[in-house]
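With these hints in hand, go ahead and build the complete structure from the sequences.
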Amino acid sequence: MEFHMTILVGILVTVAVYLLLSRNMVRIILGTAILSHAVHLLLITMGGAGEGKVPLLRESDGPYADALPQALILTAIVISFATTALLLVLAYRTYEESGSDNMNTIRRIDRE
Amino acid sequence: MYAVFIIFLPFIMAALLPATHRLIGDRLIGWYVMAVPLVLFAALIRLIPQIAGGEIVSASYAWIPDAGIDLAVRVDGLGMIFALLITGVGTLVALYSIYYLSPRESLGHFYVYLLLFMGAMLGVVFSDNLMLLYTFWELTSISSFLLIAFWYHRKGSRYGAQKAMLITVMGGFSLLAGFLMLYFMSGTFSISEIIGMRDVLAGEPMIVPAMFLILLGAFTKSVQFPFHIWLPDAMEAPTPVSAYLHSATMVKAGIYLVALFTPLFGGMEYWFWSLSIAGIVTLLWGAFNAMKQNDLKALLAYSTISQLGLIMSLLGFGSAALSASAAGDPAVYAAAGFAALFYMLNHSTFKGLLFMVIGIVDHEIGTRDIRRLGGLMSFMPVTFTFAVIGSFSMAGLPPFNGFLSKEMFFGAAVDIASGQPFAGGAEVLFPVVGWLASVFTFIYCTIIVYRTFLGPVQPEKIDRVPHEAPKGMLVAPGILAVLVILIFFFPNVIGKYVIGPAMQVMFPALSREADLVPEITAWHGVNLPLVMTFGVIALGLLLFITFRHWRRIYRVAPFRWTMDSIYRGLLQTGEAASNIVTDLYMTGRSRDYFVFIYLFFLITAGGMLFLTGAFEPDFSRGPVGIFEISFVIIMAFAAIAMLFVRSRITATLLNGVLGYSVAIFFVFFRAPDLALTQTVIETVTTVLFLLCFHFLPEWKPEDSPLRTKVVNGLIAIGAGVLVTAFGLTVQGYDVYGSISVYFEESYKLAGGSNIVNAILGDFRAFDTMLEVVVLFIAGIGVYTLIALKPKKGEDDVEGK
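In the order they appear, the protein sequences are chains A and B.
Just so you know, we're using the numbering used here here: the first sequence kicks off at 128 and counts up by one.
Just so you know, we're using the numbering used here here: the second sequence kicks off at 6 and counts up by one.
Don't take each hint at face value.
Some chain A residues near chain B, calculated using beta-carbon distances under 8 Å [as the list claims (entries may be wrong)]:
(1) Leu135
(2) Leu147
(3) Met173
(4) Asp193
(5) Thr210
(6) Leu213
Keep in mind that the hints were calculated from the coordinates and are not lab data.
The beta carbon of each residue, even a glycine, is placed where N, CA and C say it ideally should be.
Now the structure itself:
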């Protein structure tokens, strides 16, 4: 399973990076969202995808799935949500101020 | 302990100053500050008998023992002279400042900087560890920067502060490099140990570069030609600062450094010639330029440059005494070293006095431009008397201390010229150039007195009615004026108790006291130095009277050259070059930045992976469930479709598909907490996206040229492939094993049976707390962006 997951992560990274390189603000934000999906999947795959049991001590006697990547990802999910929200509001305000959602146009306005 | 206390008292008092200031107010804060150098001065005086007896007070505490850096403090005769200057002049300057500075100034800042400087300077002269010395050395540059820029609303102050900072810190770096070389050769940072290894180090090939690097540090600090250019601009500082830092103490740090390393480098021919030539050139150039100044402070700045050159050259002459191969009597040469220290002490008295006099003129009249001044003698008789005492002493006339040291300088230069210690032949020029510079010195001293205090008054050119300074302001210069005269009559007290111990430190090879401490006499019969003094007076008077006629010489090259244009040119070229480089990559386009990031990632990470042969992919498939593989396919399709959709709603929904699929994978991979969180977050995110779309325009197809799209595609594919390659490689390695076994004890260790929760809430609770902080910051950001929009007309905060 790890093999397939890794290939999937590669595809997600490719799409995310391509979106990040575009000019449209919303595309860039979507790119960051997809990049975080990719990273979360990569982390949990590295911890051994589907091995062991749910890491709840009362439910079973082990061996448990690796709990450390899970804790890392839990933190990462929340942080990436926070950045996505901030970026979206930033995009909204930028559009309101500059009248454009194109990074190149915004840059021109900013330089003037 | 005592010595460490001396260094750190100013720092402690500086730290306490803001609170004290609030407590006792503007009127008394100056007295609080003055108490510091006064107490230290008394403490040092108490040590003099010990130090004069050849004792050395030292203490050492481990600071960074792994690196050999100790808090090593050592009070010897040499450090003592400088410390007496720092605290003695410091007391007088603090006293003077109380009356000089108006209470409307930010006194708190001023006095904190002043105390910082005092502590740093005491640190420089008492450190016995190279790194400690270097730290304090840079601290003096920083406090000097802060003090020059004290009136930071003036352009000139900022320019002067920056210039001083750039030049002295450049020298500081050079000094650091020299110190490190010494460390690598000797294996220790302890200065006294390094000096003790003189004979061993003399054979090292690196000793010469180390010597030059250290000299560069000393020359930049002590304004030797051509690094002198920062001092005139530093005159933008308040006058007490100029008197203290830029004449009496900080600019003498380079002198201290040279004297400190004389026992190590003294006797080397390079050392002798570098010091003598740099000193003599600076002496002449400074004196020559001082004459043409119209601003009295600028005149004093150039005269300080000139006299620091004189001291530097004397140290050079004296170093010949330590050479085993030099011709002549070492004791005769060592007398030059004695003259250097004596001149330095005298310089601090008469130059400090003159700065205070000029400060009074500036303070009471409102200008220090000699074209607007004149005839102040009858209005300010006391100030006039002080000016005469200071100027005549500087010019080298009796009965003032400057006469003694100027005679000694002539004597030393003549001795070097006739002794020819290194048989260079050029030594004969030293007394000639020195004599010429003294003529110039005489002229500008006359200018100070004559143009300011004698001649006609020009009431139409000054804004205020001239009057004498308040009594309090006259106390500090008065004490200095008395000293100028007292030292003339009792020079040997200072010679024996203050300079003698320092001579023992500088010339350890000469042990007889008679060799080290020559008897200073005002009258020594008619000899060459006395004749030279008469010559100075005669030619000086003649040239002063005819000054109008030969003033034009300053318009002719090379006399009109200032080294300033080189400095400005370097600065401008540097700025332009750095702009070009910066504009190359700071384009303002987000795409470019992402391209840099991913190219860097591809080249460095990818290069490491493939070049080091670490790439060993693990292609084993393992068991594959039907559900898992179908979600892999769904996600792959959703992701790729994202690149082609025309509507942003579709794109957002596809992102939702990806997010919920991730949640399902979390279920597959035994992570129920993650699946729950992911589901909630994905829902909120999708709602947020849709909400924002209400305010944002429908997106247009990317209008980038095809070439850009292809490059983007290649970078994206490269990044994806590299991440996959890493993933596959990592699966092939299992070097260290999992550390999660530890966390499986979570019930015992943290009382939680949900391991993930226990990690977040207990084992790594600090991380979680910071994560909450991040959320909080993002929340503030969102709130600020939405709720705190500038109202119409209010967005003009930058005044555009």
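Status of each hint after checking the structure:
1. Leu135: Holds, because the Cβ-Cβ distance from Leu135/A to chain B comes to roughly 5 Å (cut-off 8 Å).
2. Leu147: Hint holds; Leu147/A Cβ to chain B Cβ min 5 Å, cut 8 Å.
3. Met173: At about 6 Å, which falls below the 8 Å cut-off, the nearest Cβ of chain B leaves the hint on Met173/A intact, so it holds.
4. Asp193: holds (5 Å)
5. Thr210: Holds. Min distance 7 Å.
6. Leu213: Where the cut-off is 8 Å and the nearest Cβ of chain B is about 5 Å from Leu213/A, the hint holds.
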